[in-house]
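There are 2 protein chains.
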Amino acid sequence: MASWEDYVRKVVPYTPGEQPENLNVVKLNTNENPYPPSPKVREALRELSDDKLRRYPDPAAASLTDAIARQYHVSPGQVFVGVGSDDVLAMSFLTFFNSDKPILFPDISYSFYEVWADLFRIPYRKQKLNDAFEIVTEDYCQENGGIVFPNPNAPTGVLMGKDRIERILESSKGSVVIVDEAYIDFAPEGSSVLPLLPKYDNLLVVQTFSKSRSLAGMRIGYAIGSEKLIGYLSDCKYSFNSYTLSQAALLAGEAAVRDAAYYEECSEKVMKTREKTKKVLSGMGFAFADSQANFLFVTHEKVPARQLFQDLRKAGIVVRYFDQPRIDDYLRITIGTEEQMDVLFDFLRKYL
Amino acid sequence: MASWEDYVRKVVPYTPGEQPENLNVVKLNTNENPYPPSPKVREALRELSDDKLRRYPDPAAASLTDAIARQYHVSPGQVFVGVGSDDVLAMSFLTFFNSDKPILFPDISYSFYEVWADLFRIPYRKQKLNDAFEIVTEDYCQENGGIVFPNPNAPTGVLMGKDRIERILESSKGSVVIVDEAYIDFAPEGSSVLPLLPKYDNLLVVQTFSKSRSLAGMRIGYAIGSEKLIGYLSDCKYSFNSYTLSQAALLAGEAAVRDAAYYEECSEKVMKTREKTKKVLSGMGFAFADSQANFLFVTHEKVPARQLFQDLRKAGIVVRYFDQPRIDDYLRITIGTEEQMDVLFDFLRKYL
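So the sequence lines, in the order shown, correspond to chains A and B.
Each step along the first sequence adds one to the number in my numbering, with nothing skipped, and position 242 is 242.
Each step along the second sequence adds one to the number in my numbering, with nothing skipped, and position 342 is 342.
Just so you know, the hints here were simulated from the structure itself, not pulled from any lab data.
Take these hints with a grain of salt, some might be off.
Remember, identical chains collapse to one label, so a pair may be satisfied in a single copy or spanning two.
With a Cα cut of at most 30 Å, we get these calculated BS3-like pairs of lysine-lysine [claimed, not checked]:
id: 1; residue 1: K350; residue 2: K279
id: 2; residue 1: K10; residue 2: K126
id: 3; residue 1: K228; residue 2: K10
id: 4; residue 1: K10; residue 2: K101
id: 5; residue 1: K40; residue 2: K52
id: 6; residue 1: K128; residue 2: K40
id: 7; residue 1: K126; residue 2: K314
id: 8; residue 1: K101; residue 2: K228
id: 9; residue 1: K278; residue 2: K128
id: 10; residue 1: K162; residue 2: K128
id: 11; residue 1: K314; residue 2: K162
id: 12; residue 1: K10; residue 2: K350
id: 13; residue 1: K276; residue 2: K52
id: 14; residue 1: K101; residue 2: K314
id: 15; residue 1: K269; residue 2: K128
These figures come from a predicted structure and were not determined experimentally.
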């Protein structure tokens, strides 16, 4: 080992889901939206002039933060944007989790939380989900250096009620609580904790353009919180990279936010397909928690998940398998179009 | 102060140059390229299909790293890409500067270095440039936790010879040395330290698409180093955000790299205008170091810089003023088109 390697930060990185080049596979592995973005997005991208390409974007990303603020009835000072919600979450870990006390998150959850904690040397404790894959509220009502969980949770899809989240907020006023709502638009209306913001200045709600807004390729995420919270987050962001969102992302993002009706319609379609998928897979011997996200986390009474994962793959159907304790007999299946799900059902009917 | 604020990382953020909305100002303040990007970039962006927008980009950004590797005759494993060179540098500070010994950089330099060091709690020592605004080689040949400097330096434009950089590399094999070549394409051919890479596996060369490639709006930067160095950097990047470059950035970046001839021509034009600007400003009583970048760092024998900065602004000409010790009587003026510089010259002729 060369001597300069002594000073290197060594980490075990997150492994993202694969992005196969082949567009013919049925891609149900990274929870993308099967429907195209709003036609208004393509239209907006036509404004990507040479002058826009040549010049630095607005570092405050005002056009996009203003549009988000209007959509969610908050002030622009309550909105933070980043390069996908991963960027927003990474920056939030760096900014808010600077205590010697452990931060808390579920043992079965977004696996990036542990990676960020390791990267930034943040102490953490993983709290066990119960056997129904639910977050145990009391486990989060204890001393902590911060709290983070997705709602609905990933990869389980389980939604936690707002009243239970409020219990956690009530007992954790001394640290920042991050609710990662990447999948909230596929849950019943009124599931978001955004309405709790006026009561808790330590609550940060993170959402994304990658799922319900069909813009995973453009890398846009955002957080909404109190102006004080967002101020600290912005300071750290400006100390890391002033210009994170490209002119293209600003144009696409703003157009997407403004076309809320289009996206609600797409989300409705995904939810309808999800409910149908639940029925079909139940009938085939699969079990799963009652997902309120755009994926199902399924296990089969007879076929081991690892085996099924590989056989699906051979048939050109890509889903996600996590080789981790407690969930190594489960597959996460993204909800695609009706046609894509029919391909899956046809395969399974023959296979099982 | 709310109790959760105890755990917040508090920083004094970097202040980026302003991005005025008004396109009629003569914008000579953030070192953008005055010429449009290659027509091939616009062409490539037409491939930004709904499917590309909807799906996650390739996390390895292989199409872009491959194109960069080919252009610079290195292996793809020697290339790292990020959201502008600021992202690349921030990630490099986080990855490589983990020693108790101070990192070294010039006192007059890119002001973000100090901000990153503060953000990541990295000890640092600023080494004084000499009165000719040159880096004193010996100051960097001492024990350190890492070294970083721009070449040409910013905001001075002063170029350091490769032989002197090699002296530093020879004496600092125990830490990573970052040469920030954001402006190298405006320096004489053969100024880059890229040819030294095979000799020093601790040398990281950082470049950008924001200056010579006219793509500041798309946010693309890159680093080239040994495969070992890039491996560590990628691990940290994958622990922060897997998908940093959007599908749009990948398309634009690849097309830009491939059209090297177009960009060489633009850089030639900028360099020609720079040399002419040196002559004109000399004749008006300005003094400056012999910049090899796309800007001049000037001081006037009679008019205080702060005053001139404000008066230029009133006339719709925006340049950059740094209110810092040793350079508070200087202005950094980006080299624009011949026409833009003529507007500046006309103003100064009447003003002085």
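If the cut is 30 Å between Cα atoms, do K10 and K126 qualify within a copy, between copies, both or neither?
Close inside one copy (22 Å) and across copies (27 Å); limit 30 Å.
Could you figure out if K276 and K52 sit no more than 30 Å apart (CA to CA) within one copy, between two copies, both or neither?
between (45 Å within a copy, 27 Å between copies)
Between K40 and K52, at a C-alpha cutoff of 30 Å, which is it: within one copy, between copies, both, or neither?
both (19 Å within a copy, 16 Å between copies)
Go through the copies and call it for K10 and K350: within, between, both or neither, with a Cα cutoff of 30 Å.
Classified as neither: same-chain Cα gap 47 Å, cross-chain 59 Å, threshold 30 Å.
How do K314 and K162 come out at 30 Å by Cα distance, when the copy is not named: within, between, both, or neither?
neither (42 Å within a copy, 54 Å between copies)
Is the C-alpha distance from K269 to K128 at most 30 Å within one copy, between copies, in both cases, or in neither?
neither (33 Å within a copy, 63 Å between copies)
State whether the alpha carbon distance between K101 and K314 is at most 30 Å within one copy, between copies, both, or neither.
neither (46 Å within a copy, 53 Å between copies)
From the Cα coordinates, with 30 Å as the cut-off, is the pair K101 and K228 best called within, between, both, or neither?
Result: close within a single copy only, 22 Å intra versus 34 Å inter.
Between copies, within a copy, both or neither: which fits K128 and K40 at Cα up to 30 Å?
Neither, since 43 Å and 53 Å both go past 30 Å.
For K350 and K279, with the copy left unspecified, which applies at a CA distance of at most 30 Å: within, between, both, or neither?
within (18 Å within a copy, 80 Å between copies)
Up to 30 Å CA-CA - K314 versus K126, copy category:
For K126 and K314, neither the intra-copy (35 Å) nor the inter-copy (58 Å) Cα distance is at most 30 Å.
Can you give me the call for K278 and K128, within, between, both or neither, at a CA distance of at most 30 Å?
within (25 Å within a copy, 67 Å between copies)
The structure is inconsistent with the numbered hints 6, 7, 11, 12, 14, 15, although it conforms to all the rest.
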